[in-house]
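Line by line, the protein sequences are chains L and R. So the number in our numbering is just where the residue sits in the first sequence, counting from 1, plus 14. So the number in our numbering is just where the residue sits in the second sequence, counting from 1, plus 621.
Treat the hints with caution; some may be incorrect.
As the list claims (entries may be wrong) - Just a few of them, taken from the derived set where beta-carbon distance is under 10 Å, the chain L residues facing chain R:
1. E41
2. I124
3. S131
4. G158
5. V208
6. I322
Honestly, the hints are just simulated from the structure, not real lab data. Quick caveat: nothing in here was measured; it's all calculated off a predicted structure. For glycine and all other residues, C-beta sits at the position ideal for the given N, C-alpha and C.
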Amino acid sequence: MSTADLPASPISAAPVMRVGVLRWLRENLFNSWYNALLTLVAVYVLYSVIARFVSWGVIHAVWSGPATACQAAGAGACWAVIGEKYRFILFGRYDYEEQWRPCLMVLLFIGLVGVSSFRQLWGRVLGAAWAVGLIVMAVLMFGGVLGLPYVTTENWGGLPLTLILSVTACVCAFPVGVVLALGRRSHLPAIRSVCVAYIEFVRGVPLVTVLFMASIMFPLLLPPGMNFNKLLRVEIGLILFAAAYLAEIVRGGLQAVAKGQYEAADSLGLSYVQKTTLIVLPQALRIVIPALVNTFIGTFKDTTLVIIVGLFDLLSAAKTALQDPPWRGAYWEVYLFIALIYFGFCFFISKYSQNLEARLRRGVHR
Amino acid sequence: MVAEDPRVGGGRTPGRAAFWNDRDVRAVLYQVLLVLGIGAVAWYLIHNTLANLAARNIATGFGFLGRESGFPIGESLIAYTPANTYLRALLVGLLNTLKVASIGVVLATIWGTLLGVARLSSNWLIRQLASWYVEALRNTPLLLQLFLWYAILQGLPAVRQAFNPLPGIYLSQKGLVFPVIALEPVHAVMAALFVVGIGLSWWWAGRAKAHQNATGQIRPVLLPSLGLIVGLPVIAWLIAGAPFEPDVPVLRGFNFQGGAAISPEFTALLFGLVVYTASYIAEIVRAGIQAVPRGQSEAARALGLPAGRILRLIVLPQALRVIVPPMTSQYLNLTKNSTLAVAIGFPDILSTINTSINQTGQPIECIAIVMVVFLIVSLSISAFMNWYNARIRLIER
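Chain L extracted, bound-state conformation (with noise of 0.2 Å):
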């Protein structure tokens, strides 16, 4: 607008299309014939997805009851089915009577999780409360001393299984990863040949025929008579799986790592050893914290696929669930309460990986 379209004198109120609530709507939904009309189409379906939700899931639905209240006419959402199968969804065909001490697992987890989420507790205490907690969450779940009764690993299932397996996946493939990343950018042709080999070669494979291969190669693989249960032979595949994709990452960092740093290091005569764990790999993991995190967010996610090779994780309880016939059509409502559980996990990582990022940023100047 130019100053000739100004109005000379009184001073007039802004056009009323121009303040408040109704300039946001011109700007953000109505600034062109298209937006206006993509705005319109837009709240429609909104409007009817919403509406049809609310009567299924809310008006309609079914909260409890017997299989049969569900199968009546006009019946909503069956969230009865949640009531009657969440402990089994949960965890699996953990004994029923012990499924007080998965479940405090899980809680356990959660909430040195949390605690960790704050950086300014980061330290020696922390460290020492993960192991304890580890070890606390390890008694949990096995059992065997203290008056628990033993349980073994396959009646691990649930909510517990899919944490533990990811979570050993990560820990476990880190210092996997890092070696790899280093023998990949060594100056040696046999190392360096060995950790690329290894890295394109499980990068580019799917990993259910990983799993495959843990599940079904491995028992051949061992001397005659030794052999190790399928939770631990699933648990190596996926952890030699995500080494391969940690190591990439650990790679970028590497190189992300200014030349000058490798080469001050050399002039102080630090050994490969010192150089690369005190001057290195402190920075080059540092750059990769975000792309880090999303790893294990994929290593979670892909947990699921452990129902392939028969392992009882969250997603299989919860398929298992369904195959009981009277609940066999509730397929929405369970399949969308794990959806929950896993979105939550997720979107809370994902979520603290984008702050954790934005602060490291803040934290270097340039």
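Fit chain R to the supplied structure of chain L, relying on the hints for placement.
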């Protein structure tokens, strides 16, 4: 090695460290140790495997590939019966995998690009809807989504009560059935002319570019190309008397006759892969568009370029440099994720391998085959995308 360094020389032969402290000797030593270690582990594992195979009387070798497979496959691009060999069964599976992956990559790119543009829309509501979509799909496991889509498709009515939204189109538990145009001899001619049209437009585009380089005049490319690619087949069709005979599906007994059908397994897998991968592609496209500074398109406008040329000559080349590398890994992910077909019963390569493992009891050979196949597919996709990336890379001085 610096000869005068007192720390290194220390008392021994001047200029050389003790041989175990020599960098070059150590380098060789580490590598020899690593290779020996890997060799030893490999020998140990192979030894164990052979002992196990002998103890369990499991056959070895790829001889089973020539034997009769004996299992049926629901859908196939080539003729297949249970009397065919395992090799042919695996080929059927591989073609099904490639079918899902190739269609999926194209659809996910289109849908993801639309979403990415929607994430940057000036319309607040569209922006919000797109970001909810991306958050919801990225933060739940793909397998869970596939199970849900498949359950929904299985919840459709039986064949006899199939939905019939439009004449000739039926939606039921057996999937989607729709009419197609019956094949005519002229269709082969049309396909040939289509290819000829593409070749001619390529030639014309080259001529036009040479002309522009020589004289500075711009010759039209888009319309003549469209005319060649679409026009030639249409003319052939009209000369043949414009044959048009739809093949409409009809319900006979418990199944449909005629038309074409898409199975619920294929639909669920394709839909799941596309909507999931698109949520990742959307973020890549958004980042790519945001990476081009606004000044670039403003400068182009100041030079008087029309909007289409700004997009094609200024914005896209810069955005694609950011977009292509992460896009490659999404295409690879989609291809690898298509193995989740095994969980919903679509006969892809992994499903057929799974059946073969159960029937032949030869897991090592079967898993080796599927891994090699995926390595070849992955390496081909990344080779192609690297070639494309090199083509569009910024050529700096």
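Verification of the supplied hints:
1. E41: 8 Å, holds
2. I124: 17 Å, violated
3. S131: Violated. Min distance 17 Å.
4. G158: Violated: closest Cβ of chain R sits about 31 Å from G158 (chain L), beyond 10 Å.
5. V208: At about 6 Å, which falls below the 10 Å cut-off, the nearest Cβ of chain R leaves the hint on V208 (chain L) intact, so it holds.
6. I322: 6 Å, holds
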